[in-house]
Amino acid sequence: ETGVTQTPRHLVMGMTNKKSLKCEQHLGHNAMYWYKQSAKKPLELMFVYSLEERVENNSVPSRFSPECPNSSHLFLHLHTLQPEDSALYLCASSQEAGGRLEQFFGPGTRLTVL
Amino acid sequence: QQQVKQSPQSLIVQKGGISIINCAYENTAFDYFPWYQQFPGKGPALLIAIRPDVSEKKEGRFTISFNKSAKQFSLHIMDSQPGDSATYFCAAKEESGGSNYKLTFGKGTLLTVNP
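These protein sequences, in sequence, are chains R and F.
According to my numbering, the first sequence holds residues 1 to 114 in order.
According to my numbering, the second sequence holds residues 1 to 115 in order.
If you are wondering where the hints come from, they were derived from the structure by calculation, not from laboratory data.
Predicted, not measured: the structure shown is a model, and the values here were computed from it.
Honestly, I wouldn't trust all of these hints.
[Unchecked claim] Pair ranges (Cβ atoms, derived):
(1) S59(R) x R61(F): 38 to 46 Å
(2) E67(R) x K42(F): 21 to 29 Å
(3) K18(R) x E59(F): 42 to 50 Å
(4) T7(R) x E56(F): 35 to 43 Å
(5) S20(R) x E56(F): 44 to 52 Å
(6) A45(F) x H10(R): 19 to 27 Å
Every residue gets a Cβ at the ideal spot worked out from N, C-alpha and C, and that includes glycine.
Turn these sequences into a full structure, and let the hints guide you.
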């Protein structure tokens with residue numbers, strides 16, 4: 001595996017379900033990000049982790065709970081979601097959080113909340 | 001408040017033509033302006049980026065033009081090809097600021113290049 005991988009690629013869940021999205025980066029990076037991509041809206045930064053420490057929580061509802069157990073893995077735990085949470089969730093990584101350092105994106109998880 | 005405004009929302013160009021996508025920003029502290037390209041089923045990938053110390057940057061068929069006084073920047077794709085059909089996002093960041101990991105994105109432009 002190379003780059004940034006995300007699983008599952010597609011997820012359909014009911015509003016009462018609990019599920020988790022997984023991201024893994026194979027680039028040796030120290031920073032990881034979760035973004036939400038909705039149709040006709042700008043990408044929204046949700047969370048940033050640097051060396052497994054959360055450095056940004058961009059006013060995201062508590063029904064989204066991130067976890068970064070090590071610098072290569074990032075999870076997004078989902079519970080009691082709303083239909084408006086349906087979107088493409090993108091994970092990204094960079095060598096460090098910030099500066100002149102490119103963010104590399106994964107292919108995303110397409111989430112549908114029924 | 002949308003800090004980076006991108007236009008047009010969609011664009012259709014004939015093969016060999018020039019594609020032009022425009023972005024305008026409000027925050028004068030932005031000092032890094034990347035463009036991302038996203039194909040269906042893939043995440044965005046960095047295409048080209050510019051910093052305000054230059055007014056133009058060219059990489060192959062892709063050129064960014066930057067106008068600091070007007071707070072605008074644009075992407076030009078010369079000799080557009082069907083393989084360029086994708087969604088393009090402009091973005092901006094304060095590289096020197098405290099939250100220097102935070103990219104602010106435009107809404108995206110869906111480019112279709114007809115053969």
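* C-beta pair S59(R), R61(F): status relative to the range 38 to 46 Å that was hinted -> 39 Å, holds
* With respect to the beta-carbon atoms only, verify the hint that A45(F) and H10(R) lie 19 to 27 Å apart. => 21 Å, holds
* Asked: Should the hint that T7(R) and E56(F) are 35 to 43 Å apart at their CB atoms be regarded as holding?
  -> 41 Å, holds
* **21 to 29 Å as the expected CB spacing between K42(F) and E67(R), which holds or is violated** => At 25 Å between Cβs, range holds.
* E56(F) and S20(R) - C-beta distance against the hinted 44 to 52 Å -> 45 Å, holds
* Range hint 42 to 50 Å (beta carbons of K18(R) and E59(F)) holds or violated -> For K18(R) and E59(F) the Cβ distance comes to about 45 Å; the hint holds.
Violated hints: none; the structure is consistent with every hint.
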